[in-house]
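Engineer: Heads up: the sequence shown begins at 100 in our numbering, then just goes up one per residue.
No lab work stands behind these hints, which were simulated from the structure alone.
In this text, a Cβ means the ideal position worked out from N, Cα and C, and glycines have one as well.
Hints are not guaranteed to be accurate.
Per label pair, the in silico range of CB-to-CB distance [to be verified]:
#: 1; residue 1: LYS101; residue 2: VAL160; range: 50 to 56 Å
#: 2; residue 1: PHE141; residue 2: ASN186; range: 52 to 58 Å
#: 3; residue 1: GLY140; residue 2: ILE105; range: 51 to 57 Å
#: 4; residue 1: LEU152; residue 2: ARG116; range: 21 to 27 Å
#: 5; residue 1: ALA164; residue 2: PHE141; range: 29 to 35 Å
#: 6; residue 1: GLY140; residue 2: PRO109; range: 28 to 34 Å
#: 7; residue 1: THR131; residue 2: ASN172; range: 21 to 27 Å
#: 8; residue 1: TYR161; residue 2: ILE111; range: 41 to 47 Å
#: 9; residue 1: ASP123; residue 2: VAL148; range: 41 to 47 Å
#: 10; residue 1: TRP139; residue 2: MET165; range: 19 to 25 Å
#: 11; residue 1: GLY140; residue 2: ILE171; range: 42 to 48 Å
#: 12; residue 1: ILE105; residue 2: LEU137; range: 46 to 52 Å
#: 13; residue 1: LEU185; residue 2: LYS101; range: 25 to 31 Å
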Amino acid sequence: MKMLQISSSPHIREDVRSSELMRDVVIAMLPTAIYGSLQWGFHAFFVVVLTTLAAVLTELVYQKAMKLPVTINDWSAAVTGMILALN
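Using the sequences provided together with the hints, build the complete structure.
Structural biologist: Right under this line is the structure:
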(Lines of atoms letter the chains of each structure in order from A and count residues from 1; the text may use other names and numbers.)
(Lines give C-alpha, C1' and ligand atoms only; values in the text may rest on other atoms or scores of the structure.)
Protein backbone atom coordinates (compact mmCIF):
# COMPACT_ATOMS: atom_id res chain seq x y z
CA MET A 1 0.00 0.00 0.00
CA LYS A 2 1.25 3.48 -0.89
CA MET A 3 1.95 5.77 2.05
CA LEU A 4 0.09 9.05 2.32
CA GLN A 5 2.33 11.96 1.43
CA ILE A 6 1.80 15.01 3.61
CA SER A 7 2.76 18.36 2.09
CA SER A 8 1.82 22.00 2.40
CA SER A 9 -0.57 23.66 -0.02
CA PRO A 10 -1.00 24.32 -2.88
CA HIS A 11 -1.43 20.68 -3.70
CA ILE A 12 -2.05 21.31 -7.39
CA ARG A 13 0.51 23.49 -9.08
CA GLU A 14 0.60 25.02 -12.51
CA ASP A 15 3.12 27.29 -14.19
CA VAL A 16 0.90 30.35 -14.51
CA ARG A 17 2.13 33.85 -13.78
CA SER A 18 -0.03 36.07 -11.61
CA SER A 19 -0.37 38.57 -14.47
CA GLU A 20 -1.87 35.84 -16.67
CA LEU A 21 -4.25 34.84 -13.90
CA MET A 22 -5.34 38.45 -13.31
CA ARG A 23 -5.90 38.94 -17.04
CA ASP A 24 -8.09 35.85 -17.06
CA VAL A 25 -10.07 37.25 -14.12
CA VAL A 26 -10.68 40.49 -16.03
CA ILE A 27 -11.83 38.48 -19.06
CA ALA A 28 -14.12 36.43 -16.81
CA MET A 29 -15.71 39.61 -15.41
CA LEU A 30 -16.37 41.12 -18.85
CA PRO A 31 -19.68 39.28 -19.44
CA THR A 32 -21.00 40.63 -16.15
CA ALA A 33 -19.90 44.15 -17.04
CA ILE A 34 -21.45 43.86 -20.50
CA TYR A 35 -24.72 42.52 -19.10
CA GLY A 36 -24.85 45.31 -16.54
CA SER A 37 -24.27 47.85 -19.29
CA LEU A 38 -27.09 46.37 -21.37
CA GLN A 39 -29.41 46.14 -18.38
CA TRP A 40 -28.80 49.58 -16.85
CA GLY A 41 -27.47 51.57 -19.79
CA PHE A 42 -24.46 53.71 -20.51
CA HIS A 43 -24.11 54.88 -16.92
CA ALA A 44 -23.18 51.38 -15.75
CA PHE A 45 -20.61 51.05 -18.54
CA PHE A 46 -19.19 54.45 -17.62
CA VAL A 47 -18.89 53.45 -13.95
CA VAL A 48 -16.99 50.25 -14.80
CA VAL A 49 -14.59 52.02 -17.17
CA LEU A 50 -14.03 55.00 -14.87
CA THR A 51 -13.49 52.89 -11.75
CA THR A 52 -11.07 50.57 -13.53
CA LEU A 53 -9.09 53.47 -14.99
CA ALA A 54 -9.03 55.22 -11.61
CA ALA A 55 -7.66 52.12 -9.89
CA VAL A 56 -4.93 51.66 -12.51
CA LEU A 57 -3.97 55.34 -12.53
CA THR A 58 -3.96 55.51 -8.73
CA GLU A 59 -1.57 52.57 -8.57
CA LEU A 60 0.64 54.15 -11.24
CA VAL A 61 0.78 57.55 -9.53
CA TYR A 62 1.45 56.00 -6.11
CA GLN A 63 4.27 53.81 -7.40
CA LYS A 64 5.86 56.73 -9.26
CA ALA A 65 5.56 58.99 -6.20
CA MET A 66 7.11 56.39 -3.90
CA LYS A 67 9.81 55.56 -6.47
CA LEU A 68 8.69 51.92 -6.58
CA PRO A 69 8.81 49.73 -9.66
CA VAL A 70 5.67 50.21 -11.74
CA THR A 71 3.59 47.04 -11.73
CA ILE A 72 0.42 48.02 -13.59
CA ASN A 73 1.21 45.35 -16.18
CA ASP A 74 0.19 42.65 -13.70
CA TRP A 75 -3.53 43.55 -14.11
CA SER A 76 -4.17 43.51 -10.34
CA ALA A 77 -5.30 47.14 -10.29
CA ALA A 78 -7.69 46.47 -13.17
CA VAL A 79 -9.17 43.55 -11.24
CA THR A 80 -9.57 45.76 -8.16
CA GLY A 81 -11.26 48.49 -10.19
CA MET A 82 -13.67 46.08 -11.84
CA ILE A 83 -14.55 44.43 -8.53
CA LEU A 84 -15.27 47.85 -7.02
CA ALA A 85 -17.40 48.83 -10.02
CA LEU A 86 -19.38 45.60 -10.10
CA ASN A 87 -19.94 45.50 -6.35
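Engineer: When the hints from earlier in the document are held up against this structure, which numbers fail?
Structural biologist: Numbers 2, 6, 8, 9, 10, 11, 13 - these are the hints that the structure violates, sorted from lowest upward.
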